[in-house]
Amino acid sequence: MFERKQLSHKATWAAAVAAIAGLAGLAPAKAQDSVKIGLILPMTGGQASTGKQIENAIKLYMQQKGDTVAGKKIEIIVKDDAAIPDKTKTAAQELIVNDKVNFIAGFGVTPAALAAAPLATQAKIPEVVMAAGTSIITERSPYIVRTSFTLAQSSTIIGDWAVKNGIKKVATLTSDYAPGNDALNFFKQHFTAGGGEVVEEVKVPLQNPDFAPFLQRMKDAKPDAIFVFVPAGQGGNFMKQYAERGLDKAGIKVIGPGDVTDDDLLNNMGDAVLGTVTAHLYSAAHPSQMNKDFVAAYKKAFGNRPGFMAVGGYDGIHLIYEALKKTGGDTNGDKLIEAMKGQKWESPRGPISIDPETRDIVQNIYIRKVEKVDGELYNVEFATFEAVKDLGKTKK
Amino acid sequence: MSAASDVGFHAQRQARWHYGEIAFWLIVLACGFAFPSRYLIMTDILRLALFAMSLDLILGYAGIVSLGHAAFFGVGAYAAGLLALHGIVKEPVLALIVAGLAAMVLGFATSFLVIRGVDLTRLMVTLGIALLLEALAERFSNITGGTDGLQGIEMQPIFGEIPFDMFGKAGFFYSLAVLFLLFLFARRVVHSPFGLSLRAIKNNPLRAAAIGIPVNRRLIAIYTLAAFYAGIAGALFTQTTAIASLDVFSMERSADLMLVLVMGGTGYLYGGLIGAVIFRMLQELFSTITPQYWQFWIGLVLVVIVLVGRQRLHRWVLYVPNLIIRRIAGRKAIVAVPESDS
Numbered sequence: 001m002f003e004r005k006q007l008s009h010k011a012t013w014a015a016a017v018a019a020i021a022g023l024a025g026l027a028p029a030k031a032q033d034s035v036k037i038g039l040i041l042p043m044t045g046g047q048a049s050t051g052k053q054i055e056n057a058i059k060l061y062m063q064q065k066g067d068t069v070a071g072k073k074i075e076i077i078v079k080d081d082a083a084i085p086d087k088t089k090t091a092a093q094e095l096i097v098n099d100k101v102n103f104i105a106g107f108g109v110t111p112a113a114l115a116a117a118p119l120a121t122q123a124k125i126p127e128v129v130m131a132a133g134t135s136i137i138t139e140r141s142p143y144i145v146r147t148s149f150t151l152a153q154s155s156t157i158i159g160d161w162a163v164k165n166g167i168k169k170v171a172t173l174t175s176d177y178a179p180g181n182d183a184l185n186f187f188k189q190h191f192t193a194g195g196g197e198v199v200e201e202v203k204v205p206l207q208n209p210d211f212a213p214f215l216q217r218m219k220d221a222k223p224d225a226i227f228v229f230v231p232a233g234q235g236g237n238f239m240k241q242y243a244e245r246g247l248d249k250a251g252i253k254v255i256g257p258g259d260v261t262d263d264d265l266l267n268n269m270g271d272a273v274l275g276t277v278t279a280h281l282y283s284a285a286h287p288s289q290m291n292k293d294f295v296a297a298y299k300k301a302f303g304n305r306p307g308f309m310a311v312g313g314y315d316g317i318h319l320i321y322e323a324l325k326k327t328g329g330d331t332n333g334d335k336l337i338e339a340m341k342g343q344k345w346e347s348p349r350g351p352i353s354i355d356p357e358t359r360d361i362v363q364n365i366y367i368r369k370v371e372k373v374d375g376e377l378y379n380v381e382f383a384t385f386e387a388v389k390d391l392g393k394t395k396k
Numbered sequence: 397m398s399a400a401s402d403v404g405f406h407a408q409r410q411a412r413w414h415y416g417e418i419a420f421w422l423i424v425l426a427c428g429f430a431f432p433s434r435y436l437i438m439t440d441i442l443r444l445a446l447f448a449m450s451l452d453l454i455l456g457y458a459g460i461v462s463l464g465h466a467a468f469f470g471v472g473a474y475a476a477g478l479l480a481l482h483g484i485v486k487e488p489v490l491a492l493i494v495a496g497l498a499a500m501v502l503g504f505a506t507s508f509l510v511i512r513g514v515d516l517t518r519l520m521v522t523l524g525i526a527l528l529l530e531a532l533a534e535r536f537s538n539i540t541g542g543t544d545g546l547q548g549i550e551m552q553p554i555f556g557e558i559p560f561d562m563f564g565k566a567g568f569f570y571s572l573a574v575l576f577l578l579f580l581f582a583r584r585v586v587h588s589p590f591g592l593s594l595r596a597i598k599n600n601p602l603r604a605a606a607i608g609i610p611v612n613r614r615l616i617a618i619y620t621l622a623a624f625y626a627g628i629a630g631a632l633f634t635q636t637t638a639i640a641s642l643d644v645f646s647m648e649r650s651a652d653l654m655l656v657l658v659m660g661g662t663g664y665l666y667g668g669l670i671g672a673v674i675f676r677m678l679q680e681l682f683s684t685i686t687p688q689y690w691q692f693w694i695g696l697v698l699v700v701i702v703l704v705g706r707q708r709l710h711r712w713v714l715y716v717p718n719l720i721i722r723r724i725a726g727r728k729a730i731v732a733v734p735e736s737d738s
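So the sequence lines, in the order shown, correspond to chains A and B. Residue numbering for the first sequence follows our numbering, starting at 1 and increasing by one per position. Residue numbering for the second sequence follows our numbering, starting at 397 and increasing by one per position.
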């Protein structure tokens with residue numbers, strides 16, 4: 001017995017030595033004529049659907065447009081951060097220091113995007129935010145460009161729309177983190193300015209929320225509608241509990257930014273979701289030809305519908321391609337950022353551009369209602385607010 | 397030879413430094429110079445190693461199982477973050493100690509709950525404490541930043557001289573120095589009569605009490621010490637990443653720690669260190685190959701390790717390296733012989 005234990009300890013030692021030696025083996029090879037994009041996404045955990053959509057969209061774009069721009073081969077390195085900011089930071093550092101990436105991109109949630117911001121500044125490389133939606137993000141580094149959206153864009157518009165359309169009393173339910181607070185504040189600002197009243201305000205924890213007890217309080221407050229912001233991915237769960245508690249039958253409508261009726265999950269939410277009105281940047285039912293082609297190609301490649309996260313990724317990689325074209329393949333970070341400013345193009349979501357002042361996205365915001373089209377649930381757009389800038393910047 | 401001097405003889409022989417140990421630390425130090433592009437992951441390994449060593453102190457030596465060790469890690473992490481953010485204690489080393497002490501206070505306070513139960517109760521109590529703290533941190537988001545985490549921490553230079561750099565070089569050597577110092581202390585503790593009495597308690601608390609060891613006091617002492625170590629690990633985490641989020645309290649962190657010790661082995665201090673290296677390397681390897689499904693592969697490896705048994709597995713896989721080690725280091729390469737490590 002004694003002898004065996006001795007042996008095992010030597011073995012453990014040896015394992016350690018072997019593992020340390022293995023560190024060297026992980027060091028990646030360097031290539032000259034390629035542009036590397038470090039994609040940091042939540043591929044596991046609660047936000048995994050965001051990561052998957054963005055990765056899919058980028059794959060699709062590169063299939064369609066080829067993987068060479070301005071004579072350089074585009075190389076994508078995907079890292080999983082599970083939407084945990086310190087993992088994001090480590091991943092970003094690794095990508096910048098070891099893989100020598102020319103872009104960092106992705107970022108499923110706001111804390112993740114913020115965690116990487118100082119690194120983008122230090123390394124002087126563009127950080128393309130493809131999902132996170134808090135206004136302050138682009139102010140944290142001059143190297144941040146966003147192709148997703150800001151909560152201020154959609155929340156102010158739904159606030160204005162609600163008061164004009166006979167909704168006077170609203171209860172709010174928002175996730176308790178930066179984007180949720182953004183959504184709440186901007187909605188409240190515009191809704192109360194128009195004469196509306198917020199009767200109940202609830203913040204739910206971001207991780208594994210149980211909406212049921214909050215929904216009961218909502219029901220008791222008898223509002224005309226509830227304003228909901230939960231990150232895409234939690235919408236399905238919310239709608240299920242909303243129907244279970246009978247709020248749909250009590251005539252309480254759901255309004256909000258479009259995250260709650262994300263196309264990714266919408267079709268499985270059941271009929272309780274019918275009639276939900278949201279303001280958002282993208283619907284898979286957007287009637288342009290470009291979007292129809294995009295949705296068809298996406299469905300063919302991955303078997304499901306693209307959501308707004310996928311579009312954020314699709315436009316993000318497009319922006320990177322265009323910037324490289326403009327610099328002629330030069331990967332200097334400052335030049336790339338300059339090239340990105342003021343870019344204008346037609347996206348599946350409609351016409352969009354990058355604001356040269358704030359490096360944030362300017363896009364149409366659509367008011368949509370959930371309806372059944374060919375037996376499937378879709379957000380059908382019925383009003384458009386054109387070229388909405390981000391209204392949430394602290395520096396005016 | 398009398399029984400007493402026999403015990404003393406063996407204890408002293410084990411406490412002596414062996415060539416293998418010196419070689420181990422030299423290799424670790426050499427890694428710092430050999431892989432300048434991998435500082436971040438190596439720093440991560442060091443932090444995890446310190447954290448695992450902390451759990452080893454209570455699990456491997458005193459036999460206290462815990463699923464909530466992240467509680468102390470988290471307290472240390474937030475303490476260090478808040479100290480730096482509000483400029484209360486600017487100097488990192490001092491802040492590190494203060495953060496460690498904060499965790500230690502919590503450790504001392506909760507140790508009375510922990511010593512009351514046996515294994516299953518302890519699992520639940522420790523788990524509960526960690527969950528409680530996580531909920532509190534989420535609730536008081538005006539202090540902790542809630543789900544967004546503590547943002548905007550700027551670390552001052554170590555001793556006012558050495559700034560933390562982006563590549564993590566300063567962070568790595570800083571962490572290594574802290575780990576080594578704390579290791580020396582832990583090594584001294586476990587080989588002291590105090591440490592030996594802990595082993596006695598682990599093997600049979602009733603008998604230990606019968607021969608006059610104050611069981612509860614000893615357990616409280618080691619639990620408090622382990623909390624200090626975990627707090628330091630947490631503070632290192634915040635200081636080297638300049639971020640603290642709710643994740644520091646997560647149950648996964650505590651569970652990962654158990655896995656690290658399962659891989660490395662308990663009750664000889666190096667278990668946590670070696671386990672941390674293997675665990676993170678596997679994680680890094682799998683998540684590079686498949687960012688989406690790496691958890692599956694980690695899980696599979698763990699199941700294999702547990703099924704086959706760490707010792708047998710190592711003997712098979714590392715037959716050749718083993719041979720070499722034996723040739724070079726000879727029989728004296730053993731560090732310490734754990735009593736119930738299997």
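Since the hints were made in silico from the structure, they are not lab data. Certain hints may be false.
What the hints assert, rightly or not - Covered by chain B, according to a simulated footprint, are these stretches of chain A (three or more residues, beta-carbon under 8 Å):
(1) 68–82
(2) 109–123
(3) 230–240
Claimed, not checked - Far from chain B by the CB rule (all over 10 Å, computed), these chain A residues:
(4) 51
(5) 65
(6) 89
(7) 253
(8) 267
Glycine included, each C-beta is placed from N, C-alpha and C at the ideal position.
Coverage criterion applied to the stretch 230–240 of chain A (partner chain B; beta-carbon cut 8 Å; 3 residues): violated (count 0)
Check the non-interface label on residue 253 of chain A: least C-beta distance to chain B beyond 10 Å or not. 28 Å, holds
Taking the shortest Cβ-to-Cβ distance between residue 65 of chain A and chain B, state whether it exceeds 10 Å. Holds: least Cβ distance 23 Å, greater than 10 Å.
Beyond 10 Å on every Cβ pair: is that true for residue 89 of chain A relative to chain B? 6 Å, violated
Are three or more residues of the stretch 68–82 of chain A within 8 Å, CB to CB, of chain B? Coverage by chain B holds here, the residue count being 3 at a Cβ distance below 8 Å.
Confirm or reject: residue 51 of chain A is not an interface residue toward chain B, with every Cβ-Cβ distance exceeding 10 Å. Since the minimum Cβ distance to chain B is about 8 Å, residue 51 of chain A lies within 10 Å and the statement is violated.
Taking a Cβ-to-Cβ distance below 8 Å as contact, does the stretch 109–123 of chain A have at least three residues touching chain B? Per the Cβ count (8), the hint holds.
Is the nearest CB of chain B more than 10 Å from the CB of residue 267 of chain A? 23 Å, holds
Checked against the numbered hints above, the structure breaks hints 3, 4 and 6 and satisfies the rest.
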